[in-house]
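Trainee: Since chain G is already given, all that's left is putting chain Y on it; use the hints.
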Amino acid sequence: MKIDITEHNGAKVFSLSGDIDLYSSPALRKELIFFIGKKVPLLLVDFRDVSYIDSSGIATLVEGLRGMMSHGGKLKLFGIPERIVEIFAFSKLDKVFDICGSLDDAVKD
Amino acid sequence: MVVKIPSHPKYLCIVREVTAKVGHIHGIGEDLVEQLKLAVDEACANVIKYAYGGDARKRIVIRYKVDRGWFEVVIEDSGVKADPEAIMGRRLEEVRPGGLGVHFIKRCFDIFEFDGKKKNGNRLRLVRYLKEKDEDRYNGA
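Taken in order, these protein sequences are the chains called G and Y.
Each residue of the first sequence is one higher than the one before, starting from 1 at the first, in our numbering.
Each residue of the second sequence is one higher than the one before, starting from 1001 at the first, in our numbering.
Just chain G, same shape as in the assembly (with noise of 0.2 Å):
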């Protein structure tokens, strides 16, 4: 897995590509608790190049997901391949993450 992090809007955009595995998924949680202390308001994570996620990868996401709340910020999904949504309705949290379908959804309110 490869993560670029760059900013849109004021917002931190995480551009993850390849598999988010029980081998890769600590980068990623590294990565979204040194925001999450920053208290940065908005993240962004963009989906398109994702290939693959297993329960360690949500588990990371579900993490980060209540670090930004604890602040009052959000952090949003985007671009979400269809078989990778389909696990996130299994697990039903398609319901509780915010997921658009492209960077500019994302950004608006």
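Do not rely on the hints blindly, as some may be mistaken.
[As the list claims (entries may be wrong)] In silico DSSO-like pairs for lysine-lysine, Cα to Cα no more than 30 Å straight-line: (1) Y:Lys1049 - G:Lys92; (2) Y:Lys1058 - G:Lys30; (3) Y:Lys1049 - G:Lys76; (4) G:Lys2 - Y:Lys1010; (5) G:Lys95 - Y:Lys1049; (6) G:Lys30 - Y:Lys1010; (7) Y:Lys1106 - G:Lys95; (8) G:Lys2 - Y:Lys1058.
Hints were generated in silico from the structure; no laboratory data involved.
Mentor: Just chain Y, lined up with the frame of chain G:
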């Protein structure tokens, strides 16, 4: 078919690739292949986390057996014995990190059982029936 990997998370991608290839070779549809890949990955990740407690120097053996009616995966380790009674995921309604892996395994596989006869370590047998009518055939095989 047998795959042996060190118990380091970086090798899980190999398990996923092999699982998908075995599925494709046997003509299994893409949606089910994705589920099998995730479930076998989660089962091996559990071995790394729980049976081996994160020790990356151990070994995991994964055996695949596929017939027209079923897809069987047997995963063996030499780690701490699992307590089948204690293995249950979190309630899906409960929003917290962790506890999802076992749900991914059980939604995919019809049989999820530990071989109680194995003296040291664990032998987890996972079976997915590919056609409903083949359940009896598998049991008689």
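Trainee: Are the hints correct? Go through all of them and say.
Mentor: Structure-based check of all given hints:
1. Y:Lys1049 - G:Lys92: Answer holds: Lys1049 (chain Y) to Lys92 (chain G) is near 24 Å, not above 30 Å.
2. Y:Lys1058 - G:Lys30: Measuring from Cα to Cα gives roughly 26 Å; hence the hint holds.
3. Y:Lys1049 - G:Lys76: holds, 29 Å
4. G:Lys2 - Y:Lys1010: holds, 14 Å
5. G:Lys95 - Y:Lys1049: Answer holds: Lys95 (chain G) to Lys1049 (chain Y) is near 29 Å, not above 30 Å.
6. G:Lys30 - Y:Lys1010: holds, 18 Å
7. Y:Lys1106 - G:Lys95: Cα-Cα ~22 Å, so holds.
8. G:Lys2 - Y:Lys1058: holds, 27 Å
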